[in-house]
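Asker: With the sequences and hints as input, model every part of the structure.
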Amino acid sequence: METMNPRTRIPQPQQHAMRSIPVPRLPFASPLPSLLLLLIASTAPSSPAENTSLPGCPSACGDVYIPYPFGIGANCSRDGFTLTCAMTTTDGGSYKPFLADVEIIDISLSSGQARVYNHISWQCYDGLSGEVVSRRWSLDFTDRPYRFSDGRNRFTTIGCDTLAYIKGHKDGDSYRSGCVSVCDDAGSLANGSCSGIGCCQTAIPRGMSYYEVSFAREFNNSKVWRFDPCSYAVLVDEDWFEFRTSYVTSDELSRTEGGRVPLVVDWAIGEDSCEEARRDRAAYACISKHSECANSTNGPGYLCNCSSGYQGNPYLQNGCQDIDECALKEKYPCFGVCTNKQGRYNCVCPPGTQGDPFRPGACYPESLSLAVKLIIGISTSLVFLLLFGLIIYIMHGRRKIKRIKEAYFKQNGGWLLLEEMKSQQGLAFKIFTREELESATNKFDKNHILGGGGHGTVYRGILKDDRTVAIKKSMMVNERQKKEFVKEMLILSQTNHKNIVKLLGCCLEVEIPMLVYEFVSRGSLFQFIHENNQKSTISLDARLKIALETAEALAYLHSSASPPILHGDVKSSNILLDESYTAKVSDFGASMLVPINETQFATLVQGTCGYLDPEYLQTCKLTDKSDVYSFGVVLLELLTGKKALYLEEFDTERSLALSFILAMKDDRLLEFLDYQVGDKAEVELVQHVAKLAKECLSVRGEERPTMKEVAAELGRLAKLKQWSSVEHIVTEAEHELHPWIQHGNEIEHLLGE
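Counting in UniProt numbering, the sequence shown runs from 1 upward without gaps.
Keep in mind that the hints were calculated from the coordinates and are not lab data.
Only a predicted model underlies this, so the values are computations on that prediction, with no experimental measurement involved.
The hints are all genuine.
Straight-line Cα separation of at most 30 angstroms, DSS-like style, residue types lysine-lysine; simulated pairs: (1) 498 <-> 464; (2) 719 <-> 643; (3) 464 <-> 405.
Answerer: Have a look at this one:
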């Protein structure tokens, strides 16, 4: 160790008689002769509990009690708990217990902990020579039944230019953390405050059996040496440590117990759990009657404790003795007649009295006056009447709620739905109770809200079978929807397509029915496109895949469902993405069923601005081509990364569909598209997709393709992109015309000029 210049005010940590180095690698201090050990034990203060050590073994070393499984001398302890009793030289030559060279302060059987002295590591700067000297300590309990207590200890650094690291082993794994404390002058320090100004503390993980300290070189007190030349770091008992400003401005801390501080270690018996240890009765440590076993909370092993009503040493035969509670009135107050029992005690009022014997003056004579008895009787009767009235009120309220729920169930077609479900075998559709959905959403807690819109609010719920679902709580419903509700629910529940959100069930016990859908985890396509901070990284393959899957879902609804289903509110926020980014069409709040013999009709459907079919706005008639138009807007969102209604300069709101048509007309398509899909190698493919979008956005519905044709074309483009280059796509496109492209010169060829 380097010597400091005597002119600098640098604390010199005192040298302790027993040097702290890794415990397993040092021999124990030389044991005292047996007679001397017994002499030391006999001069120690009387123990608060008898029979804490094995017969013939010292029960104390100096003023520290040594309870079994700890012990001093041969055959006085369990493996790993052998201590030595040695005389120190720093405090007048008193005897102290040591685990190797680590001094034991005290041992607790009930908590399974012991406090030991731990050396303080330090680093000092000599302002005259510019020299940095340090002393770093480590402590190693590897292969021993000890762990540093994560609940009691804190890694603590002290200094105004200090960064120290703690490195250790945690259940066989390496661990490293650090703590930094800084300050410009001593005036910013405050007693009792360890918040990073002159003092820093951080927690440690469970399972640590070894640690060492190191200091960062760039933090060496060279900037603050005039009032703080030294930095300190140590793992210390949090309850013992209280920061003082003098720890920074003087060498007070280094003079504490010879440069040592208390450290709490958790100990345990063996490496087995209680259940495993009980199988080997010969090695099982909890041998006393009225003892219990508890698994260690910090590493492997277990602890023993006396049962409730008993005290002593559970590791010894008959070590747990009954507590005489009657003799310990301060701890077990009794102001009546106290009778001690095995493991418990009785406390009753004296004969001829009654009341509460655990409170002073609460026992009163049994003979009461007529007035007192009358008051007690009337009071009891009134309480009984109040309770009876409350029970009647609660029962009446429950019956009323039940009648209301039954009325809603009937009004919403519940009985008809049950009959339909019975007639259709194998229908995977469930009618949920209101209580089930309230339990799944924590009574529709706002923290469970996934989103909301014009048709209602969607909540995330977890059913009793641990399935995660989406629960839609509608805001309003019209009479037509009520009448058709049962029929529509059954049909939608039978809709089976991988790109359509599955309807699992409904709840009819409320005024407006609630729907239960499968949960789709990655949110909506709107969020994926418009709320993704790195949306430019979305590949063309991903966009084309999502567009194709959405088109296939809508084509299924239009062409394969029986009867056909019109969605009525196709938009990016109603297209969800699962874990693998597979598109799933959702939210049928605006949907309606199409009679087999009708292709268009008037409806009160409510769509969303920016996606609404212009022909619908003129005629108020919803057709399958209305969904095609809305899908065209979604396709533009995928291509451009813009919203259906977006803001340009000066916060001017623009229609994406109109802006796109103008861009196509002025040959500004590539400028209008998202730059990510404007890659040169894919320009022609993007142009074909854009032309398909333009066809979908035709003002006249009859000039738009069907969703089945749109899906087929997107599927063809996706396959061509996988099979060949863009040139191949162009070549193929020139020879393949589509059936809907026959509406005159005003419609451009989808795949060629």
